[in-house]
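Asker: Residues per chain are reported as follows:
There are 2 protein chains.
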Amino acid sequence: MIGDSNGAAAGRRPIGVFDSGVGGLTVLEALRERLPHEHLVYLGDTARLPYGTKSPASISRYACQAAMALQERGIKMLVVACNTASSVALDALGKRLAPLPVIGVVEPGAAAAVSARPGGTHLVLATEATVRLGAYFKAIGERDREARVHELACEMLVALAEEGWTDGPIAESIVARYLQPVRDSGVDPDCVILGCTHFPLLAKAIVAAVGAGVAIVDSAGTTAAVAAHRLAEAGLLNESNERGGLTLLATDGATRFARVGGRFLGQRLDACDIEIVDL
Amino acid sequence: MIGDSNGAAAGRRPIGVFDSGVGGLTVLEALRERLPHEHLVYLGDTARLPYGTKSPASISRYACQAAMALQERGIKMLVVACNTASSVALDALGKRLAPLPVIGVVEPGAAAAVSARPGGTHLVLATEATVRLGAYFKAIGERDREARVHELACEMLVALAEEGWTDGPIAESIVARYLQPVRDSGVDPDCVILGCTHFPLLAKAIVAAVGAGVAIVDSAGTTAAVAAHRLAEAGLLNESNERGGLTLLATDGATRFARVGGRFLGQRLDACDIEIVDL
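Protein chains in written order, with our numbering: chain E, 2 to 280; chain U, 2 to 280.
In isolation and in its complexed conformation, chain E is listed as follows:
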């Protein structure tokens, strides 16, 4: 590091990405695409998933433990790639890690939706937990008073993504079945928000169901854009021209993480690529 400015040294530190499981790998993948020179360290709290059924106090505690484990790895920014943790624990994490920037997935998704369809009719596809917390509803409402927001819990889409059955007639008929009551109630969305980190894998089936004129907002891509902007603003971009490194951590189940996670990352993973950590 001799001769480096502090900024350049800080820039070489990794971005930490945290999720309750493998879903956040879609956000990691978006970060890799947007910021190919950044080092990334991903932590999936697979031993304690799903977060959606846990109490807010437990979720905050788990998220803070995960954030501290990532902080020990010298991260320069934390991306909370989990809708439940973003909804519940973002403020607590921001305080705990200050002055490190902390970014969730809900706010970037809501901002992108409002920008894509001002005064629009937004349909948020999410898990039961995210719908119950109403985080997108609040985040969009704060940005656009004219917007109408409908939230739809689609648990089967998580199972579909994890099983890797992401396109074809089964995926399309499941998406269509979830959308049927929305259509029946006369709601005609002009923007669909993929409010679960698993759902970008199903984008093709979702587009097939809602039609090509509807804006699809993928919180993975928009979160990566916000992360890039915040790093540039803080002078923390990695100035190297080499491809950034990737470290994958999980709290349990390396074999399953490798099998399912490989699908999310679009590359083959082996169990030995995953480091098991204890929080």
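To be clear, the hints were calculated from the coordinates, so they are not data collected in a lab.
There may be inaccurate statements among the hints.
Said to hold, decoys possible - Just the calculated beta-carbon pair ranges, DEER-fashion:
id: 1; chain 1: E; residue 1: Gly267; chain 2: U; residue 2: Asp191; range: 37 to 45 Å
id: 2; chain 1: U; residue 1: His151; chain 2: E; residue 2: Val188; range: 39 to 47 Å
id: 3; chain 1: E; residue 1: Arg244; chain 2: U; residue 2: Lys96; range: 52 to 60 Å
id: 4; chain 1: U; residue 1: Pro170; chain 2: E; residue 2: Gly267; range: 25 to 33 Å
id: 5; chain 1: E; residue 1: Ala233; chain 2: U; residue 2: Asp185; range: 47 to 55 Å
id: 6; chain 1: E; residue 1: Ala58; chain 2: U; residue 2: Arg74; range: 24 to 32 Å
To be verified - Stretches of chain U that chain E covers, calculated by requiring three or more beta carbons in the stretch to come under 8 Å of a beta carbon on chain E:
id: 7; region: 53 to 61
id: 8; region: 150 to 159
id: 9; region: 162 to 171
id: 10; region: 174 to 184
id: 11; region: 251 to 262
We put the CB at the ideal spot given by N, CA and C, even for glycine.
Could you slot chain U onto chain E? The hints should help.
Answerer: Okay, now just chain U, sitting in the frame of chain E:
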């Protein structure tokens, strides 16, 4: 209780039924049908599900905590209505609760399959965790050396059952897709074991996929039969002619438990029907 013999008083004690979530309600329902006069107390450890991704030591600890909570309610028998806990913790629970009888779901299912198709080709439909533990494989092999056993992880069927999409074209096409590689590899089962407590809800779709000549072994029904037999043997049947009572306990999420569990029990449940307990 004055004037009662000890046996009659003991008979009025409830049967405890334990599962990691709502799936075990299919076993509870089978017990209600088989033993309508028995009082039943069900505990779903919804705060810590799924057990399948946890280590054996954690599963045993959780199961023992749940069993002790049920023991405090004066149970006369414990039914472990969870394939993962049955595979991992049955011996530990038997020792902990002795002399109370403890029954799991794997052994009754395996015995029923061997009895239905001696020397047969068994296909076990289960979760990833149960397949990984190989419990049905071992339990059938110990009873029938001629038997061939194939185990198939079908995670999507759990999501289907919880969503209540138990019949119709989506359920049937998902079951058919899981079975396709089995057929392609030339395996032609003459017995299908529903090796997950969620799967009896999907029996119709499974029968449609495998054909009517194949024996379907439902561990819920066979476990209830074993429970009835063990109670009769021990002189612990409730001699009352009144319908037995039902107490539902969960460790988290009464609203979701009521909504999904009501589907499993075939009766409407409200959140206030579920008592939340802390283990």
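Asker: Measuring from beta carbon to beta carbon, are proline 170 (chain U) and glycine 267 (chain E) in 25 to 33 Å?
Answerer: Given about 30 Å between the Cβ atoms, the range holds.
Asker: Tell me whether the statement that chain E covers the region 53 to 61 of chain U is true, taking a Cβ distance below 8 Å and needing three residues at minimum.
Answerer: holds (count 3)
Asker: Are three or more residues of the region 150 to 159 of chain U within 8 Å, CB to CB, of chain E?
Answerer: holds (count 3)
Asker: If you check the beta carbons of histidine 151 (chain U) and valine 188 (chain E), does the distance land in 39 to 47 Å?
Answerer: 45 Å, holds
Asker: With a C-beta cutoff of 8 Å, work out whether three or more residues of the region 174 to 184 of chain U approach chain E closely enough for the coverage to hold.
Answerer: Held - the region 174 to 184 of chain U has 3 residues with a Cβ nearer than 8 Å to chain E, which meets the minimum of three.
Asker: Verify the CB-CB distance for arginine 244 (chain E) and lysine 96 (chain U) against the hinted window 52 to 60 Å.
Answerer: 55 Å, holds
Asker: Look at the Cβ atoms of glycine 267 (chain E) and aspartate 191 (chain U) and judge whether their distance stays inside 37 to 45 Å.
Answerer: The hinted range 37 to 45 Å holds for glycine 267 (chain E) and aspartate 191 (chain U), with Cβ atoms some 40 Å apart.
Asker: For the region 251 to 262 of chain U, does the count of residues with a C-beta closer than 8 Å to a C-beta of chain E reach 3?
Answerer: It holds: at least three residues are needed, and the region 251 to 262 of chain U offers 3 whose Cβ sits within less than 8 Å of chain E.
Asker: Can you take a look at whether the region 162 to 171 of chain U is actually covered by chain E? Rule is 3+ residues, C-beta closer than 8 Å.
Answerer: Three-residue rule met by the region 162 to 171 of chain U, so holds; n is 5.
Asker: Alanine 233 (chain E) and aspartate 185 (chain U), beta-carbon distance inside 47 to 55 Å?
Answerer: 52 Å, holds
Asker: Falls inside 24 to 32 Å, the C-beta gap from alanine 58 (chain E) to arginine 74 (chain U)?
Answerer: 27 Å, holds
Hint compliance for this structure: every hint is met.
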